[in-house]
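Trainee: With the hints as your guide, set chain B onto chain A.
Number of protein chains: 2
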Amino acid sequence: MTVHVSFSGGLDSTALLTRAVRSRGAENVQAVSMWYGQRHRKELEAAERIADALGVPWGTLNLMGLLSGGALLGEGAVPEGHYAAPSMALTVVHGRNLLFASALISRARPGDEVWLGVHAGDHFIYPDCRPEFITNLAATARTYGVEVRAPWVDITKSAIVAAEPGAPYELTWSCYNGRELHCGRCGTCVERAEAFAEAGVQDPTAYETAPEVVQP
Amino acid sequence: MTVHVSFSGGLDSTALLTRAVRSRGAENVQAVSMWYGQRHRKELEAAERIADALGVPWGTLNLMGLLSGGALLGEGAVPEGHYAAPSMALTVVHGRNLLFASALISRARPGDEVWLGVHAGDHFIYPDCRPEFITNLAATARTYGVEVRAPWVDITKSAIVAAEPGAPYELTWSCYNGRELHCGRCGTCVERAEAFAEAGVQDPTAYETAPEVVQP
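From first to last, the protein sequence lines are chains A and B. With the working numbering applied, the first sequence covers 1 to 216. With the working numbering applied, the second sequence covers 1 to 216.
Same shape as in the complex, but just chain A (with noise of 0.2 Å):
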């Protein structure tokens, strides 16, 4: 049994491999990224650092062409301010989840499982973030005898930092910028410093900015 785990090198897929290493052991775990053309290859270099710490094989899928649309693929600015805000409905990339999913079940075989990081702070933005997508998405993948779980569908990002609070976060990529540091202003960078004040963590991230960050 192979757990194939979606893994952006970001804070809610660098935390879904730590708690896959930790329940299923690193030796039944693979971490792959996903190349579909993002603005920058930041957070494909911290994926391979991270995988290469946790010690999971790492691989990416190249999914150039499949998908369009969203500032997330160099169509309009990077928003800046609340990652809730509406001006993040411009980062939403039609059929991501789903494209990623699917590469992620065809890689599997029976018995095998696919982890995905969607996270109930996604829900309002991205609909592929909701539970009902992920129920939906599950019973589609049981036709080749493959499980998919989404740990985190339920919990928040402060929560997700809070259940591992070991992982090495210290390596993560957020930003939607990809330059030498965190730029501290994008939607993801903003709620990446909430989360781990809202979680007590300690925040490891050199921003170029602070955040500003609302207090809970």
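Hints are computed from structural coordinates only; laboratory data are not their basis. All of these numbers come straight from a predicted model, not from anything done at the bench. All C-beta atoms in this analysis are idealised placements derived from N, C-alpha and C, irrespective of residue type, glycine included. One should not assume that every hint holds.
As the list claims (entries may be wrong) - Label pairs and their in silico Cβ distance ranges:
(1) 110/A - 28/B: 33 to 41 Å
(2) 24/A - 210/B: 39 to 47 Å
(3) 57/A - 178/B: 32 to 40 Å
(4) 62/A - 210/B: 40 to 48 Å
(5) 27/A - 25/B: 50 to 58 Å
Unchecked claim - Chain B stretches covered by chain A per the calculated footprint, using a threshold of three residues with CB under 8 Å from any CB of chain A:
(6) 6 to 17
(7) 120 to 132
Mentor: This is chain B only, laid out in the frame that chain A set:
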């Protein structure tokens, strides 16, 4: 509204494309073929000619490297004999219909439809051609406001031919081998010949060897 038709250039999907054009109008239909490392490009060449004949734009999506396993991808010999025989299990490509549908759903926009040519004759061998797979996939796709339809899911190949007797079947390619003529011996050749015989429609195919058709 656009109908995105998963279009292999074979018999079932040519009937499907013909049905889409008749019911939705050619101006609202797009034919999309998948390249995933098949043994030959004969069916893609057929697909382009058929779409052109039906006045529908045609394109391909590159899924190379995302699917593995099965004789259709060059692993082992193509099995001969009747399509329903256990040997045909060698032609199963794990995850194929899910990945095809996901790629089309990612191209679609809210309000669009994705049509798949899966049919009842394939239920026995391919789990992702069964009605419950389509039901679960359709529920998943509604997350994105996209409707999945499989008009042939409850009928056999002969009923498909009978349902669209005017489709340009003379342009279609079914054979698993990629020679100049249909071989007449592989599973899909036998199934193809039987479908025309059972439907009472003239088989326009030139075969190397006349298929052994079991009379209904």
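Trainee: Determine for every hint whether it applies to the structure shown.
Mentor: Evaluated hints:
1. 110/A - 28/B: 33 to 41 Å: Check passed, 39 Å falls within 33 to 41 Å.
2. 24/A - 210/B: 39 to 47 Å: For residue 210/B against residue 24/A, whose Cβ atoms are near 54 Å apart, the range 39 to 47 Å is violated.
3. 57/A - 178/B: 32 to 40 Å: holds, 35 Å
4. 62/A - 210/B: 40 to 48 Å: At 43 Å between Cβs, range holds.
5. 27/A - 25/B: 50 to 58 Å: holds, 55 Å
6. 6 to 17: violated (count 0)
7. 120 to 132: holds (count 4)
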